[in-house]
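*Asks:* What follows is the residue order along each chain.
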Amino acid sequence: MAEGKRPGGLTALAVINFVLCGFSVLSMAGMVAFFALMDMMPTDQMDARQKAQIDALQDMGTPILVLITGLNLLSGLLLLTSGIGYLKQKRVLGRMLGNTYAVLTIVASIVSGMMFRTELGGGFNIGTIIGLIYPILTLVLVNTTFKDDLTN
Amino acid sequence: MNLKTLNARHIWLISLHWSRHAVRSGAGLVYLMIALVFGLSVAHAVIMPVEQLMSVQKEQTGHTDREAIHNTIIAVGRPIAQFVLGLKSMTEVSEQAAAQEQPPNVGDPRMATPEAADPARFDPWTDFLLEDRPALLSAIFLILAFGMPFAISFLAFNQVTGDIQSHGLRYLLLRTERGNIYFGRFLGTAAFSTAVMAVIIVTITLYLGLRVRIYPAAALAGWAVHGFLALAILMLPYIAVCSILSASVDSPFLSLVLAKLTIGGVLLLAVLGGLKWESMRLIKYALPWGWQNHLLHPEPSHWLGAGLACLLYTGVFLMLGYARFETRDL
Numbered sequence: 001m002a003e004g005k006r007p008g009g010l011t012a013l014a015v016i017n018f019v020l021c022g023f024s025v026l027s028m029a030g031m032v033a034f035f036a037l038m039d040m041m042p043t044d045q046m047d048a049r050q051k052a053q054i055d056a057l058q059d060m061g062t063p064i065l066v067l068i069t070g071l072n073l074l075s076g077l078l079l080l081t082s083g084i085g086y087l088k089q090k091r092v093l094g095r096m097l098g099n100t101y102a103v104l105t106i107v108a109s110i111v112s113g114m115m116f117r118t119e120l121g122g123g124f125n126i127g128t129i130i131g132l133i134y135p136i137l138t139l140v141l142v143n144t145t146f147k148d149d150l151t152n
Numbered sequence: 153m154n155l156k157t158l159n160a161r162h163i164w165l166i167s168l169h170w171s172r173h174a175v176r177s178g179a180g181l182v183y184l185m186i187a188l189v190f191g192l193s194v195a196h197a198v199i200m201p202v203e204q205l206m207s208v209q210k211e212q213t214g215h216t217d218r219e220a221i222h223n224t225i226i227a228v229g230r231p232i233a234q235f236v237l238g239l240k241s242m243t244e245v246s247e248q249a250a251a252q253e254q255p256p257n258v259g260d261p262r263m264a265t266p267e268a269a270d271p272a273r274f275d276p277w278t279d280f281l282l283e284d285r286p287a288l289l290s291a292i293f294l295i296l297a298f299g300m301p302f303a304i305s306f307l308a309f310n311q312v313t314g315d316i317q318s319h320g321l322r323y324l325l326l327r328t329e330r331g332n333i334y335f336g337r338f339l340g341t342a343a344f345s346t347a348v349m350a351v352i353i354v355t356i357t358l359y360l361g362l363r364v365r366i367y368p369a370a371a372l373a374g375w376a377v378h379g380f381l382a383l384a385i386l387m388l389p390y391i392a393v394c395s396i397l398s399a400s401v402d403s404p405f406l407s408l409v410l411a412k413l414t415i416g417g418v419l420l421l422a423v424l425g426g427l428k429w430e431s432m433r434l435i436k437y438a439l440p441w442g443w444q445n446h447l448l449h450p451e452p453s454h455w456l457g458a459g460l461a462c463l464l465y466t467g468v469f470l471m472l473g474y475a476r477f478e479t480r481d482l
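Here the protein sequences line up with chains A and B, keeping their order.
Note that the working numbering gives residue 84 to position 84 of the first sequence, counting from 1, and the numbers run on in steps of one.
Count along the second sequence from 1, then add 152; that gives the number in the working numbering.
Please keep in mind that the hints were generated in silico from the structure rather than gathered at the bench.
Don't take each hint at face value.
[To be verified] Listed below are several chain B residues computed to face chain A (Cβ distance under 7 angstroms; list not exhaustive): (1) 176; (2) 177; (3) 178; (4) 181; (5) 188; (6) 196; (7) 354; (8) 358; (9) 359; (10) 362; (11) 457.
[Stated by the list, open to error] Label-pair restraints from in silico Cβ distances: (12) A:147 - B:450: 42 to 50 angstroms; (13) A:32 - B:204: 42 to 50 angstroms; (14) B:227 - A:84: 48 to 56 angstroms; (15) A:114 - B:412: 37 to 45 angstroms.
No experiment lies behind these values; they were computed from the predicted model shown.
Ideal Cβ positions, reconstructed from N, Cα and C, are used throughout, including at glycine.
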C-alpha cells in the first residue's frame with residue numbers, strides 16, 4: 001500500500017510508541033539513578049511499606065537488575081523502531097518488530113509478576129492489566145486492522 | 153431539515169462501518185487507550201489500598217476479616233461519597249471527620265442538631281451506594297461518571313468534520329442523504345463508546361469478583377450491569393454535543409478543542425462562577441453535569457428520570473446538529 005495512504009490509526013499507534021519509548025527511557029534513567037544512590041538513602045524517616053520496598057530492592061541482586069534494565073532498553077528500542085516502521089508502513093520494521101515488542105512485554109509482565117515480591121509490584125493486580133493493555137492492542141491491531149497496511 | 157430522507161438501513165450500515173473503522177481512523181484508537189488506561193487506573197487507585205489493607209490484616213492475624221475490611225471501606229468512603237454527591241460541603245465533611253475523632257462535647261450548642269450529635273447518621277443515597285451495593289464498584293462508577301465525559305470527545309470530535317474539510321462527504325452524498333450519514337455516525341460512535349465501557353466494567357467486575365472477593369458475585373454482577381447502563385447512557389448527550397460541533401466547523405482539531413472547552417467549560421464556569429454568584433451554578437444543567445449522579449440513585453424515579461433526561465438532552469443536541477448539518481455548505 002502506498003505510503004501516502006497511511007491510515008490515521010497507524011500514525012496514532014506510532015505516536016503512542018514514541019511516547020511510551022520516552023517513558024521507557026525516563027524510567028530506565030530513574031532506575032539507574034535510584035540504584036546508584038540507594039545506599040546513601042536515609043531510611044529512618046520512612047514508613048514500614050517504604051522500608052519494605054527498599055529492602056526488596058536491595059535483596060534483588062545485580063543479575064536481576066541487569067535483566068530489568070536490559071528488558072527496558074530492548075522494549076524502548078523495539079517501540080522506537082516499530083514506531084518508525086508503522087510510519088513507513090514496513091512489514092519487518094513495523095509488523096514484525098511490533099509483534100516482537102508485544103510478545104516480549106506480555107512475557108516480561110507475566111514473569112515479573114511471578115518473580116518479584118509484592119513490594120516491587122510483583123504478583124497480579126490491576127496495574128498488571130494496565131501494563132498489558134498496549135502490548136495486547138499492538139498485537140491485535142498489527143495482525144488484523146493494520147495487517148494490509150504494513151506491507152512495504 | 154428533512155427527516156423523510158432518513159433510511160434505517162442506510163443509518164444501520166453507516167453506523168456499523170463507522171464503529172468498525174473507528175480504530176483505523178485513529179480517534180477510536182486514542183479513545184480506546186485513554187478510556188482503558190483511565191478506567192483501569194481509577195479502579196487501581198480505588199482497589200489497591202483495600203488490597204494492601206487485606207494483605208496487612210492477613211500478615212497480622214493470619215486471615216482476612218472481610219467484614220472489618222467492608223466496614224473500613226464504608227467509614228473512609230462515606231464522607232467522600234457525601235461530598236461527591238453534593239450532599240455535604242467540604243467544610244461539613246471536615247467537621248464531621250473532626251467530630252468523629254474527638255469525644256462529644258455535650259455543652260456545645262452545635263451538638264443540638266441531630267446530625268452533629270450523631271455523626272454516624274447517614275443519608276439513604278450514601279447508604280445505598282456504600283452498604284447496599286458493592287462500595288468499591290460504586291466509588292469507581294462515581295469517578296468514571298465524572299471523568300469519562302472528558303475522554304469521550306477524543307472519540308466523538310471527528311464524526312463529520314474531517315470529511316467536511318476534505319470534501320470527501322460529496323462523494324458519499326451521491327449514494328445516501330445527509331441525515332443518514334449524520335445519525336449513522338452518531339450511532340456508530342455511541343456503539344463504540346458503549347463497547348469500550350463494557351470492556352472496562354467487565355474487567356473491573358471480574359477482578360473484584362475473582363481476586364478481591366469481598367462481595368457476593370450476584371451483587372457485583374447486578375450492580376455492574378446497572379453501572380454499565382448508567383455510564384453508557386450518560387455518554388450519549390456528550391457524544392451529541394460533539395456531533396453538533398463536528399457538524400458546525402470545518403476543522404477536526406477545532407472541533408476537538410471546542411468539544412473540550414464546552415464539556416469542561418460548562419462545569420468550570422458553574423463551579424467558579426458559583427463561588428461569586430449562586431445563580432451561576434445553574435449553568436451546569438446545560439449539560440448533564442448537574443444531575444448525572446442520579447443515574448446511581450436508589451430510587452427508580454431518580455435513575456429513570458436521569459436516564460430519560462439523558463435521552464432528551466441527546467435528542468435536542470442531535471436535532472440542533474442535524475439542522476446545521478442539513479443546511480450547511482459541504
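*Asks:* Does each hint hold? Answer for all of them.
*Replies:* Here's how the hints hold up against the structure:
no. : hint                              : in the structure
1   : 176                               : holds (5 angstroms)
2   : 177                               : holds (5 angstroms)
3   : 178                               : holds (3 angstroms)
4   : 181                               : holds (5 angstroms)
5   : 188                               : holds (5 angstroms)
6   : 196                               : holds (4 angstroms)
7   : 354                               : violated (12 angstroms)
8   : 358                               : violated (10 angstroms)
9   : 359                               : holds (6 angstroms)
10  : 362                               : violated (10 angstroms)
11  : 457                               : violated (33 angstroms)
12  : A:147 - B:450: 42 to 50 angstroms : holds (49 angstroms)
13  : A:32 - B:204: 42 to 50 angstroms  : violated (28 angstroms)
14  : B:227 - A:84: 48 to 56 angstroms  : holds (53 angstroms)
15  : A:114 - B:412: 37 to 45 angstroms : holds (42 angstroms)
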